[in-house]
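Taking my numbering, I'd label the letters of the sequence shown as residues 26 to 111.
Just so you know, these hints were derived from the structure itself, not from any lab.
Any given hint might turn out to be false.
[Stated by the list, open to error] Simulated restraints, written as ranges between beta carbons of each label pair:
1) 44 / 100: 15 to 21 angstroms
2) 40 / 99: 18 to 24 angstroms
3) 84 / 41: 16 to 22 angstroms
4) 65 / 38: 19 to 25 angstroms
5) 97 / 52: 16 to 22 angstroms
6) 96 / 70: 27 to 33 angstroms
The beta carbon of each residue, even a glycine, is placed where N, CA and C say it ideally should be.
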Amino acid sequence: MVVALGGRLLGMIASGLRSKFQPYAVACVQAILEKFKEKKTNVVTALRDAIDAIYPSTNLEAIMEDMLAAFDNKNPSIKAESAIFL
């Protein structure tokens with residue numbers, strides 16, 4: 026429940042700050058990609074919304090290494106959610 030609430034708050038902050046959120050975007054994307062291993066649907070939904078809200082403040086080149094690491098992860102949930110994000 027705390028992770029879901031944190032994801033929602035992170036999404037709201039990213040939406041509110043827009044381009045000013047850019048310095049924090051890469052670190053947040055990395056943390057969200059790692060949290061995609063959660064099995065609870067409410068947590069995954071909140072994380073999806075958060076990463077979608079964060080993406081406009083960054084670009085694919087900045088998060089490319091994190092995305093490649095997520096695709097190399099052995100957890101299938103992380104791979105699937107990363108593919109859905111792209």
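Broken hints, by number: Violated: hints 1, 2 and 6.
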